[in-house]
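Student: Read off the chains here:
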Amino acid sequence: MTQRLFTQIDPGAIVLGVEAGDRETVIRLLADRLLSGGYVKDSFADAVIAREAAMPTGLPLGRAVNVAVPHTDPEHVLKPGIALATLATPVAFANMEDPDEAVEVGLVFLMALNDKDRQIEMLQQIMATIQDEAAVMGLMQAASLDDVAAILK
Amino acid sequence: MSIKKRVLFACGTGIATSTVVSHAVVEAMKERGIDIDPRQCKATEVRSELGGMDLIVSTTQLPSELPVPSIVTLAFLTGMGKAEALDKIEAALRA
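Residue numbers (full-length UniProt numbering), protein chains in the order written: chain A, 1 to 153; chain B, 1 to 95.
Here chain A stands alone, though its shape is the one from the complex (with noise of 0.2 Å):
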């Protein structure tokens, strides 16, 4: 039985309407949220942080909305979980097929994952998730959990 995406998210994760200059900015404020509800280790923020340095997660769509899925290695995490942010002015992410070239995102999926097989359903809704564009584009819009529940089936 597939679980919706939504159930997977912790409410005390998802940020709406995020005013942050950087995206070293939304990962901290994601990760200290992660950190909160127990996902995570202290040294999540500053793995993903540095990992997003060396291999970027910005995803280009070709539209109005691009994402980045931050993430990093297991022993950061002490249980699978997402955090959700939706930026109010975009921010730089580096393309994670091409380092050098700049993606302006304004929606992020924070990941903490440690086992790939238990996590492939929640990785491939996250990923249908960003393929709609308009589920992106509602998520922008949401005001409320509400709004966000109603489109991550």
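Because the hints were derived from the structure by calculation, they are not lab data. Treat the hints with caution; some may be incorrect.
Some chain A residues well away from chain B (every beta-carbon gap over 12 Å; in silico) [unchecked claim]: (1) Gln8; (2) Gly21; (3) Asp22; (4) Glu24; (5) Asp46; (6) Leu78; (7) Pro90; (8) Asn95; (9) Glu121; (10) Asp132.
Partial list, computed: chain A residues near chain B (C-beta under 8 Å) [what the hints assert, rightly or not]: (11) Arg51; (12) His71; (13) Pro74; (14) His76; (15) Glu97; (16) Leu123.
Glycine included, each C-beta is placed from N, C-alpha and C at the ideal position.
Could you slot chain B onto chain A? The hints should help.
Tutor: Just chain B now, kept in the frame of chain A:
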């Protein structure tokens, strides 16, 4: 009669995006008559993992001058250019 091939799927951590790509490619190639034995690793570990591999598919930049054919694509994450990416993978595996 399907052919059997070994493909190494790589990404930054070796557990996140390469998992999505591996599942998508294995399924799609099954329909095209190619049976893939998938492996996963970090992009930085590719060189030590590519023994016996027919192809490397990665979501992130790979070390240069690898002795095995490789394809870097975000198509299975973004959904853009998926058919073309599958055609390229099939062509590489049938070469």
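Student: A separate judgement is required for each hint: does it hold in the structure or not?
Tutor: Going through the hints against the structure:
no., hint, result
1, Gln8, "15 Å, holds"
2, Gly21, "24 Å, holds"
3, Asp22, "20 Å, holds"
4, Glu24, "17 Å, holds"
5, Asp46, "15 Å, holds"
6, Leu78, "15 Å, holds"
7, Pro90, "17 Å, holds"
8, Asn95, "8 Å, violated"
9, Glu121, "10 Å, violated"
10, Asp132, "9 Å, violated"
11, Arg51, "6 Å, holds"
12, His71, "5 Å, holds"
13, Pro74, "7 Å, holds"
14, His76, "11 Å, violated"
15, Glu97, "5 Å, holds"
16, Leu123, "5 Å, holds"
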